[in-house]
Amino acid sequence: MLLGVAAPMALGGAMIGAAFLTYVERVLVPGDVVEMDNLPAHKLIAIRGAIV
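The opening residue of the sequence shown carries number 39 in my numbering; numbering runs sequentially from there.
Careful, some of the hints might be misleading.
Stated by the list, open to error - For each label pair, taking beta carbons as the anchor points, the in silico distance ranges come out as:
no., residue 1, residue 2, range
1, LEU41, ILE83, 27 to 37 Å
2, HIS80, ALA44, 28 to 38 Å
3, MET47, PRO68, 14 to 24 Å
4, ALA44, ASP75, 26 to 36 Å
5, ASN76, LEU49, 32 to 42 Å
6, ALA84, LEU49, 17 to 27 Å
7, MET47, GLY87, 13 to 23 Å
8, GLY42, ILE83, 10 to 20 Å
9, LEU41, PRO78, 25 to 35 Å
10, VAL72, LEU41, 14 to 24 Å
11, ILE83, ALA52, 14 to 24 Å
12, ALA56, ASN76, 14 to 24 Å
13, ALA48, ASP75, 31 to 41 Å
Don't read these hints as lab results, they were simulated from the structure.
Backbone N, C-alpha and C define an ideal beta-carbon position, used for all residues, glycine too.
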């Protein structure tokens, strides 16, 4: 069991939409909280669909 903040995915460059979508689909589990800001990678329609 993880407690606190964890970084289960690290990239060697900038976060892009495809990388964030992969993270959402393969790392997050139901009940995880996702906080998004104005990062362009967060604005993809596919991201919203994968989270909801």
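Hint by hint, here is what the structure shows:
1. Distance hint check: the CB atoms of LEU41 and ILE83 are about 33 Å apart, consistent with the given range 27 to 37 Å.
2. Taken as a hint, the range 28 to 38 Å is violated for the pair HIS80 and ALA44, whose Cβ atoms sit roughly 19 Å apart.
3. Here the CB-CB span from MET47 to PRO68 is close to 18 Å, well matched to the stated 14 to 24 Å.
4. One distance hint, 26 to 36 Å for the beta-carbon pair ALA44 and ASP75, is violated here, with the actual separation near 19 Å.
5. Remark: the range hint 32 to 42 Å for ASN76 to LEU49 is contradicted by a beta-carbon distance near 19 Å.
6. The hinted window of 17 to 27 Å between ALA84 and LEU49 holds, with their beta carbons roughly 18 Å apart.
7. Checked against the given bound of 13 to 23 Å, the beta carbons of MET47 and GLY87, roughly 20 Å apart, stay inside it.
8. Distance hint for GLY42 and ILE83: a CB-CB separation of about 32 Å, inconsistent with the stated range 10 to 20 Å.
9. Separated by about 31 Å at the C-beta atoms, LEU41 and PRO78 satisfy the suggested range of 25 to 35 Å.
10. At roughly 19 Å, the beta-carbon separation of VAL72 and LEU41 lies within the given 14 to 24 Å, and the hint holds.
11. Evaluation of the 14 to 24 Å hint for ILE83 and ALA52 yields a pass: the beta carbon distance comes to about 20 Å.
12. With their beta carbons about 18 Å apart, ALA56 and ASN76 fall inside the hinted range of 14 to 24 Å.
13. One distance hint, 31 to 41 Å for the beta-carbon pair ALA48 and ASP75, is violated here, with the actual separation near 19 Å.
Consistency note: the structure conflicts with the earlier hints numbered 2, 4, 5, 8 and 13.
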